[in-house]
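Visitor: Let the hints inform the model, and build the full structure from the sequences given.
Residue numbers 1 to 512, in the working numbering, belong to the letters of the sequence shown in order.
Because the hints were derived from the structure by calculation, they are not lab data. One should not assume that every hint holds.
What the hints assert, rightly or not - In silico SDA-like pairs for lysine to any residue, Cα to Cα no more than 20 Å straight-line:
#1 413 x 375
#2 413 x 458
#3 240 x 199
#4 485 x 439
Claimed, not checked - Restraint ranges, calculated between C-beta atoms of paired labels, are given here:
#5 493 x 236: 51 to 61 Å
#6 493 x 326: 21 to 31 Å
#7 45 x 490: 48 to 58 Å
#8 251 x 493: 28 to 38 Å
#9 351 x 145: 47 to 57 Å
#10 324 x 368: 53 to 63 Å
#11 337 x 411: 49 to 59 Å
Glycine included, C-beta positions come from ideal geometry on N, C-alpha and C.
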Amino acid sequence: MWKPFRSPLIHIVAFAAAIGLAPSLSVTAQAQSTPSNLQLLDKALDKAPDSNRVAIDDMLFPRANFLAYRNKVAQQDGRHLSSAFYNTTRWTGGNVYYSFDASLPTNQRTAFLDACAEWEKWVNVKFTARSTQANYINVYQDANNSSYSYIGMVGGSQQMSLAPWATKWTACHEIAHALGAMHEQCRSDRDSYVTINLANVQSGTESNFAIISDSINKGSYDFDSVMHYFSTAFAIDSSKYTIVCKPDYTQYQDTMGQREYLSALDKAGMVAIYGAPVSYYALSGTVTVGTAKLSGALITLNGGQTATSNTSGIFSFPSLAAGTYTLTPSKTGYTFSPTSRQINLSGNVTTANFAATAVATPTPTPTPTKTPTPTPTPTTVPITISAPSIAMVESNAGAPYMSFNISLSEPAKQTITVNFTTVDGTATAGSDYVARSGTLTFKAGSIISEVRITLIPDRIVEANETFSVVLSNPTGATLYVATGKGTIVNDDKTTSKEAPPTTVAEPSAPDG
1 MWKPFRSPLI HIVAFAAAIG LAPSLSVTAQ AQSTPSNLQL LDKALDKAPD SNRVAIDDML
61 FPRANFLAYR NKVAQQDGRH LSSAFYNTTR WTGGNVYYSF DASLPTNQRT AFLDACAEWE
121 KWVNVKFTAR STQANYINVY QDANNSSYSY IGMVGGSQQM SLAPWATKWT ACHEIAHALG
181 AMHEQCRSDR DSYVTINLAN VQSGTESNFA IISDSINKGS YDFDSVMHYF STAFAIDSSK
241 YTIVCKPDYT QYQDTMGQRE YLSALDKAGM VAIYGAPVSY YALSGTVTVG TAKLSGALIT
301 LNGGQTATSN TSGIFSFPSL AAGTYTLTPS KTGYTFSPTS RQINLSGNVT TANFAATAVA
361 TPTPTPTPTK TPTPTPTPTT VPITISAPSI AMVESNAGAP YMSFNISLSE PAKQTITVNF
421 TTVDGTATAG SDYVARSGTL TFKAGSIISE VRITLIPDRI VEANETFSVV LSNPTGATLY
481 VATGKGTIVN DDKTTSKEAP PTTVAEPSAP DG
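Guide: If you want it as structure tokens, here you go:
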């Protein structure tokens with residue numbers, strides 16, 4: 001239990017995926033009799049016999065698990081058990097959900113949120129306010145003004161109490177418990193570093209110094225941890241130590257129990273359990289043509305993710321993990337400088353810019369004549385599919401669509417029309433995509449139009465599927481490439497990990 005000022009700060013780089021109480025405790029020669037491990041267990045059980053939980057100081061355990069372990073110890077006459085009495089569960093994917101009790105004061109809320117941010121800086125965990133999640137931490141202030149937490153994720157709503165005097169580091173300590181961390185002086189190798197003077201321990205608190213024999217110890221014993229008791233914790237006589245350093249470690253006698261930071265081993269130990277944090281950054285740039293901004297330029301990353309420049313010429317990939325990326329721009333009728341860019345992303349980048357140049361259309365040399373030039377007969381302009389093969393990830397949310405850009409070899413000198421229709425391949429209209437047919441119209445001076453085909457997401461693991469957009473019956477032009485193929489790339493997995501969402505580029509021009 002945490003108390004103000006010299007509260008028992010408790011340190012651990014021992015993380016319990018499985019933990020159990022050991023039958024032996026080292027005590028100084030001052031002790032008249034040393035309680036057995038069974039007696040320590042009974043003391044813990046007797047503290048609140050009607051409660052469904054058992055507390056070892058501020059660490060909470062389900063009573064049924066604790067009692068089952070106690071009975072096994074009794075049956076084996078106090079001999080060491082090789083199995084653990086309690087198995088902690090880690091938070092799936094490092095995602096920890098929380099809620100605040102309506103009566104929790106602002107300062108405790110602030111302390112909790114500051115502590116969450118501190119752990120997120122060093123460890124791959126994410127604390128999120130609960131909406132409907134089944135497993136979550138309910139942060140409140142209990143009637144005794146104590147601080148405590150369950151060890152690991154116990155399932156359902158689990159309580160964490162923060163006392164009125166709780167600071168950010170108090171909350172860091174309790175959150176460490178919820179992530180699976182125990183007290184440092186409870187780890188299995190504790191007696192190699194300190195001796196517990198039970199003769200000076202307050203009656204009823206002896207079980208707070210039990211050894212967790214099945215602890216998973218990450219790194220060496222850490223006197224500097226935010227999970228370690230201070231040297232007079234629970235002392236009868238505060239002028240005498242309850243935790244005595246072994247001769248090789250006396251330099252830590254009066255420094256253990258700090259509550260001002262996470263030690264290097266606190267961070268490293270938790271990283272060993274949940275991994276290091278993953279950093280995400282934004283990558284953006286501007287596409288220009290001369291002094292103007294160019295919209296509709298498609299920027300493709302290595303790996304297939306795309307973005308399209310908007311009317312201000314700006315494109316953006318808002319959330320990319322740190323790494324090296326190659327960006328390649330494209331748009332029909334333009335060349336780009338540079339043709340591609342390689343970006344080593346270790347922070348936000350806003351200068352991945354490209355300069356576009358319009359491809360010049362040859363101008364016919366006029367025939368010198370003094371007579372009026374007759375009105376030329378409109379030239380038949382071939383129509384081509386600018387992207388005859390398009391691949392897009394199916395996605396499982398929203399209604400993504402494929403964009404087929406239909407372009408002329410040169411700007412139309414008159415109104416041009418062409419019919420289009422979708423044709424099944426291995427993809428089936430109605431179940432994999434929405435069938436379409438109609439007529440595209442190019443007005444004089446235009447060069448590009450678009451056909452959008454809406455995809456129908458599903459969660460069926462299947463092979464990639466294809467369909468076609470077929471052009472026919474042109475007026476004022478002739479067909480050059482009449483068929484464009486679309487490939488729907490399956491993204492459904494058999495594992496529980498979902499593929500990251502694919503960014504769908506906004507098109508630059510509507511149908512027709």
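Visitor: All hints are to be evaluated individually against the structure, with a verdict given for each.
Guide: Hint check:
1. 413 x 375: holds (12 Å)
2. 413 x 458: violated (44 Å)
3. 240 x 199: holds (10 Å)
4. 485 x 439: holds (18 Å)
5. 493 x 236: 51 to 61 Å: holds (60 Å)
6. 493 x 326: 21 to 31 Å: Given range 21 to 31 Å: holds, Cβ gap about 26 Å.
7. 45 x 490: 48 to 58 Å: holds (55 Å)
8. 251 x 493: 28 to 38 Å: Once the Cβ atoms are compared, 53 Å apart, the range 28 to 38 Å for residue 493 and residue 251 is violated.
9. 351 x 145: 47 to 57 Å: Taking Cβ atoms as reference, residue 351 and residue 145 lie about 54 Å apart, which means the hint holds.
10. 324 x 368: 53 to 63 Å: Cβ of residue 324 to Cβ of residue 368: about 58 Å, so the range 53 to 63 Å holds.
11. 337 x 411: 49 to 59 Å: violated (24 Å)
The structure fails hints 2, 8 and 11 (numbered hints given earlier, in ascending order).
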